[in-house]
Amino acid sequence: MSSQAGRSRSGSRNPLGAFLRKDVLIQVRDLKELALMLLMPIILIAILGLALGQFVTGGPVQLDIGAALVVEDDPTAGREEFTRRLAQTEMPLPQRVALTAAALTIQPQEMINALLSSPELADLIAVQDLDAEEAQALLEADDVQAVITLPSGFTGEMLSAMLLEGDGATMDVALSDASPLRAGIVNDILTAFAREVSFQSALSQELQAPPPGVITETGTVEELTVGARVPSTAFYTFGMATMFALFVAGSISGRAYLERAQLTFDRILLSGARPLAFLLSKAMAGAVIVFLQVAFLFVAATLILGALRGQPVSFWLGSAGIAAALALAVGAFSALVTSLNFRANNQAMSNVFNSVGVTLLAVLGGSFFPVEESSSLISVLGGWTPNGAALNGFLDAAKGFGLEAYGPDIIRILVGAVVLMVAAVALFPRKAVG
Amino acid sequence: MGPMLVATDLRKSFNGTFAVDNVSLELGRGESVGLLGPNGAGKSTTIAMLSTLTRPDAGKVEFEGQDVLADPAPVRRAMGVVPQEIALYPELTAQENLEFFGGLYGLRGEALRAAIDDALDLVGLSERRRDQIKKYSGGMKRRINIAAALLHDPKIVIMDEPTVGIDPQSRNHILDTVRRLNRERGLTVLYTSHYMEEVEQLCDRVYVMDHGKVIAQGTLDDVRALAGDEGAVWLQATAYPDGLLESLRALPGAGQAALADDGIRLTRTSELALIDVLRAAEKAGVTVTNLSVSESSLEDVFLHLTGRKLRD
Numbered sequence: 001m002s003s004q005a006g007r008s009r010s011g012s013r014n015p016l017g018a019f020l021r022k023d024v025l026i027q028v029r030d031l032k033e034l035a036l037m038l039l040m041p042i043i044l045i046a047i048l049g050l051a052l053g054q055f056v057t058g059g060p061v062q063l064d065i066g067a068a069l070v071v072e073d074d075p076t077a078g079r080e081e082f083t084r085r086l087a088q089t090e091m092p093l094p095q096r097v098a099l100t101a102a103a104l105t106i107q108p109q110e111m112i113n114a115l116l117s118s119p120e121l122a123d124l125i126a127v128q129d130l131d132a133e134e135a136q137a138l139l140e141a142d143d144v145q146a147v148i149t150l151p152s153g154f155t156g157e158m159l160s161a162m163l164l165e166g167d168g169a170t171m172d173v174a175l176s177d178a179s180p181l182r183a184g185i186v187n188d189i190l191t192a193f194a195r196e197v198s199f200q201s202a203l204s205q206e207l208q209a210p211p212p213g214v215i216t217e218t219g220t221v222e223e224l225t226v227g228a229r230v231p232s233t234a235f236y237t238f239g240m241a242t243m244f245a246l247f248v249a250g251s252i253s254g255r256a257y258l259e260r261a262q263l264t265f266d267r268i269l270l271s272g273a274r275p276l277a278f279l280l281s282k283a284m285a286g287a288v289i290v291f292l293q294v295a296f297l298f299v300a301a302t303l304i305l306g307a308l309r310g311q312p313v314s315f316w317l318g319s320a321g322i323a324a325a326l327a328l329a330v331g332a333f334s335a336l337v338t339s340l341n342f343r344a345n346n347q348a349m350s351n352v353f354n355s356v357g358v359t360l361l362a363v364l365g366g367s368f369f370p371v372e373e374s375s376s377l378i379s380v381l382g383g384w385t386p387n388g389a390a391l392n393g394f395l396d397a398a399k400g401f402g403l404e405a406y407g408p409d410i411i412r413i414l415v416g417a418v419v420l421m422v423a424a425v426a427l428f429p430r431k432a433v434g
Numbered sequence: 001m002g003p004m005l006v007a008t009d010l011r012k013s014f015n016g017t018f019a020v021d022n023v024s025l026e027l028g029r030g031e032s033v034g035l036l037g038p039n040g041a042g043k044s045t046t047i048a049m050l051s052t053l054t055r056p057d058a059g060k061v062e063f064e065g066q067d068v069l070a071d072p073a074p075v076r077r078a079m080g081v082v083p084q085e086i087a088l089y090p091e092l093t094a095q096e097n098l099e100f101f102g103g104l105y106g107l108r109g110e111a112l113r114a115a116i117d118d119a120l121d122l123v124g125l126s127e128r129r130r131d132q133i134k135k136y137s138g139g140m141k142r143r144i145n146i147a148a149a150l151l152h153d154p155k156i157v158i159m160d161e162p163t164v165g166i167d168p169q170s171r172n173h174i175l176d177t178v179r180r181l182n183r184e185r186g187l188t189v190l191y192t193s194h195y196m197e198e199v200e201q202l203c204d205r206v207y208v209m210d211h212g213k214v215i216a217q218g219t220l221d222d223v224r225a226l227a228g229d230e231g232a233v234w235l236q237a238t239a240y241p242d243g244l245l246e247s248l249r250a251l252p253g254a255g256q257a258a259l260a261d262d263g264i265r266l267t268r269t270s271e272l273a274l275i276d277v278l279r280a281a282e283k284a285g286v287t288v289t290n291l292s293v294s295e296s297s298l299e300d301v302f303l304h305l306t307g308r309k310l311r312d
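Keeping their order, the protein sequence lines are chains A and B.
Numbering of the first sequence is given in the working numbering, commencing with residue 1 and proceeding in unit increments.
Numbering of the second sequence is given in the working numbering, commencing with residue 1 and proceeding in unit increments.
Extracted from the complex, chain A is given alone in its bound form (with noise of 0.2 Å):
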């Protein structure tokens, strides 16, 4: 040994890398720990994208709603009813011969048809046409959930009340009590075709233009098709893995006041390595923990659970891009608990943070259910927590959309991380030895 005298001064001096091999191989070998950090939330993942997804998805809903349409409408017989209420008004023949052309493009049946066999209800509305005795029976039962009764006169009148100010056609909707959630959806869905039929005839009416033909859109049926559809196992690998992430800076904190209290950490200040060196690599052993612990959990979800099966390349470089600003971020507040547990020399600030602060950010960030559902002031401030910020990252990218879409949410958590570790580096005790 003395016949190496000087060994320390032969190779350069870079503590990081041994530290960060240190902390990484210390983490993997904990088999409790990896389980919360990587079974916990598969298992997670699997019960709540079961369980829950129904309220959680983004896209249709998938409720199941069985429907009735009982068809006692003459369509021949309502022509020849509007021809000859046409008849006995005073309008000049021009006239009369534009409105009859456009009757003939007006199907009131086909409408109702087309609306609730659209793309966007097929998945939530299954229609069954039945007669009305069959119907009544089935909504007794709760096999269907309403009861769309077409009465006989409804396209002379519906004809009448889009090109001639009629009264306006009667549709008849019976709901199930059963089931009001279900029913009221129906209900819902209806009321606004009609209201859109109203004003597309009031529009079409003042302006003196053709009326429309088959209404194929309505503003319900918009406003349940946002982006690509995200599947609620897809959604809970997201929320479980942004929520799951932030335990890595309690464990690494707590494991940093265990250094302290067992001298390891004074053997390292003995080899002359810098307090703040300490400080930064745990910091940067957080952040790699958590990018392998997203990569992870993002791959079991999908070969497990088929969670994010069928993305594209570019979700897969936007998620990478999300998931390292998130390790960034989880890593600054890994250093930030672990001054927090030096200043006041224990781990109590470990414990408190994986309890509350973890179960505080996760709800506020959505990891549960989607935070736009909740008040602004929770969808702002959860938009601006690190695993928030994330979580809406990835659905964007799941969704299809770009970096013009999640770019802001990269730049919210790469602040929050740069806050986070100044933070951090001014709470640490540099006077803690010496």
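Keep in mind the hints are simulated off the structure, nothing from the lab.
Glycine included, every Cβ here is placed at the ideal spot set by N, Cα and C.
Warning: the hint list may mix true and false statements.
Stated by the list, open to error - Which residues of chain B face chain A? A partial, calculated answer using Cβ under 10 Å:
1) F14
2) A48
3) S51
4) A73
5) R76
6) R77
7) M79
8) P90
9) G102
10) Y105
11) G106
12) A237
13) A239
14) S294
What the hints assert, rightly or not - When the alpha-carbon atoms are kept at most 25 Å apart in a straight line, the in silico PhoX-like pairs for lysine-lysine are as follows:
15) B/K155 with B/K141
16) B/K283 with B/K60
17) A/K32 with B/K135
18) A/K32 with B/K134
19) B/K141 with A/K32
20) B/K60 with B/K155
Following the hints, position chain B against chain A.
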């Protein structure tokens, strides 16, 4: 050439209580010096100040003539510290621990491998290098704890109670390691312990501490002479009634008497007659089962100076 490490009038208090009070000591190059005292005597705090881990309230520490408080880097690079606690990562193997700490000292590649091989060979754990520390026995952990302090080829090594709570075999191995470091490799050693026999085996000079102060110092012979006696008498009897200790202390040539687990220890000078000891026992109504005489030891010195046994 002057002393390697000199501490002058070190003081350190915690919450108004002096843990170290005006302690001065020095270590010459290649010396093996003992720092002796019971738990709470201030040994660990003294070591923490010498190794720059704790800043003293007053006093100074110089390493090779340089003020270590102004610039701790040189002494940190030249010093290997073996803390009383196992300052290692239990989840890592011995090899990984040593790679980490060696890496912090800037060791890389072949130099690092050679340093690890050397340190493991010295503490006799080369065959167990791939085992995680948490799977080691207490004695093995302490041996790796020593190895980690030697990787960077220090000039001076400070050991804080390196044999606490381990089996005799590991203890002997550690004592042999310390002896080799000092005598074969020329390292300067500061060895703290509350085991008198360890210091007597390993050290040329000794500082005895109690209640934060150095109460005796010098070569082993110098310190033994402070006891002012020539050894001790061990008395084992069928019983130890009240008054026996007082009777023994009152004998001509008797010093301190204390009841231990294995009998009464009575320090003595040459004036003490053993027949008087037997008569005192007979007078107290007990039968003596064993009577032995030993030379003066550091234990006797501590007992003489403080009236307490070292391990009380």
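Taking the hints in turn, this is what the structure says about them:
| no. | hint | result |
| --- | --- | --- |
| 1 | F14 | violated, 13 Å |
| 2 | A48 | holds, 8 Å |
| 3 | S51 | holds, 6 Å |
| 4 | A73 | holds, 6 Å |
| 5 | R76 | holds, 5 Å |
| 6 | R77 | holds, 6 Å |
| 7 | M79 | holds, 7 Å |
| 8 | P90 | holds, 9 Å |
| 9 | G102 | holds, 8 Å |
| 10 | Y105 | holds, 4 Å |
| 11 | G106 | holds, 4 Å |
| 12 | A237 | violated, 46 Å |
| 13 | A239 | violated, 47 Å |
| 14 | S294 | violated, 37 Å |
| 15 | B/K155 with B/K141 | holds, 23 Å |
| 16 | B/K283 with B/K60 | violated, 56 Å |
| 17 | A/K32 with B/K135 | holds, 18 Å |
| 18 | A/K32 with B/K134 | holds, 16 Å |
| 19 | B/K141 with A/K32 | holds, 24 Å |
| 20 | B/K60 with B/K155 | holds, 20 Å |
In the structure shown, a violation is registered for the earlier hints numbered 1, 12, 13, 14, 16, in ascending order.
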